[in-house]
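Student: Sequence:
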Amino acid sequence: MPAGPARRGPNARDGHPRPGAGATDLREGAVAARRPGPGRPLGTPGHGGLDLRFASVVLAVAGKDLRSEWRGRELVPALAQFVVLALVIANFAFDLDVTSGPRLSPGILWLVLVFAGLVAFGRTFAAEREQATLEAMLLTPAGPAPIFLGKALAAAALLASCELVLLPAMAVFLGTPLSVAVFAAVLLSTIGMAALGCLFAALAAQTRARELLLPVLALPLWVPFVVIGGRAVQGAMGGAPLGGQPLAVLLDLDILFVVVASLAARFVLDD
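Quick note: the sequence shown uses the numbering used here, first residue 1314, plus one each step.
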């Protein structure tokens, strides 16, 4: 008895494959899976590790903010003038001399840096909110994390440029000894303060009283950087070598708060 025709499945038709299941469609599906979209933001780690586009977005956002500040020259000159005037006022208010100047220098340094940091980080997201450019940046496939890290990097660079004015001015007015360890302690503290300050600046920019909310949120979490950074600066001014325990603790705090702030930025910026 001759065998009958093979049974065809519900999707088979004339021995041809079902439309939509061809190799072309499979290739298009693979390309679509690799294409960044809402489900896979730009910079998400893949099989090859961290995507290099993540770093390129961070540098692009930081470069945009630095170029904007270079063209406008609004923040850095004002902060440089503020730190110099603060040192002059402290010199006359405390009646500093050769003996008391180096002893009080760490406290004066961190007092000036905290207020300068509040001003610098408070402007990080204020202009973006006013001009509605942050929403446009978030609509791109970049994702909130690289955008936040780029703005934090730019803010840290702006504050570091003011520190290049502050530390030599302290050497002139207060007789503070300078060394590589002093610059390292201040720079490591600036990184962690920038991560937290920019995160809370993004959160405070959505409120009306952002000038009051930012110090309330940022100052309590800046205490470890002020305390440990003050000890590191005091030891460096006393001749301690580079790479002591306070610098190692500051480095650990930087890694912790940068990672936590970049993860929390997704929820803060999307609101």
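For the record, the hints were derived by calculation from the structure and aren't laboratory data. All figures in this text were calculated on a predicted structure; none of them were measured in a lab. Please note: incorrect hints may appear among the correct ones.
Claimed, not checked - Quick list of the computed label-pair ranges, beta carbon to beta carbon: (1) Ala1391 with Leu1500: 38 to 48 Å; (2) Leu1491 with Ala1561: 18 to 28 Å; (3) Phe1407 with Pro1454: 46 to 56 Å; (4) Leu1477 with Gly1376: 12 to 22 Å; (5) Arg1416 with Ser1381: 14 to 24 Å; (6) Leu1451 with Phe1407: 44 to 54 Å.
Beta carbons are placed, not taken as given, at the ideal position from N, Cα and C, and that holds for glycine.
Student: A separate judgement is required for each hint: does it hold in the structure or not?
Tutor: Here is what the structure says about each hint:
1. About 21 Å separates the C-beta atoms of Ala1391 and Leu1500, a value inconsistent with the hinted range of 38 to 48 Å.
2. In this structure, Leu1491 and Ala1561 meet the distance hint of 18 to 28 Å, their C-beta atoms being roughly 21 Å apart.
3. Evaluation of the 46 to 56 Å hint for Phe1407 and Pro1454 yields a pass: the beta carbon distance comes to about 53 Å.
4. Here the CB-CB span from Leu1477 to Gly1376 is close to 19 Å, well matched to the stated 12 to 22 Å.
5. Checked against the hint of 14 to 24 Å, the C-beta distance between Arg1416 and Ser1381 comes to roughly 40 Å, which is inconsistent with it.
6. The beta-carbon spacing between Leu1451 and Phe1407, approximately 47 Å, falls within the hinted interval of 44 to 54 Å.
When the structure is compared with the earlier hints, violations turn up for hints 1 and 5 and for no others.
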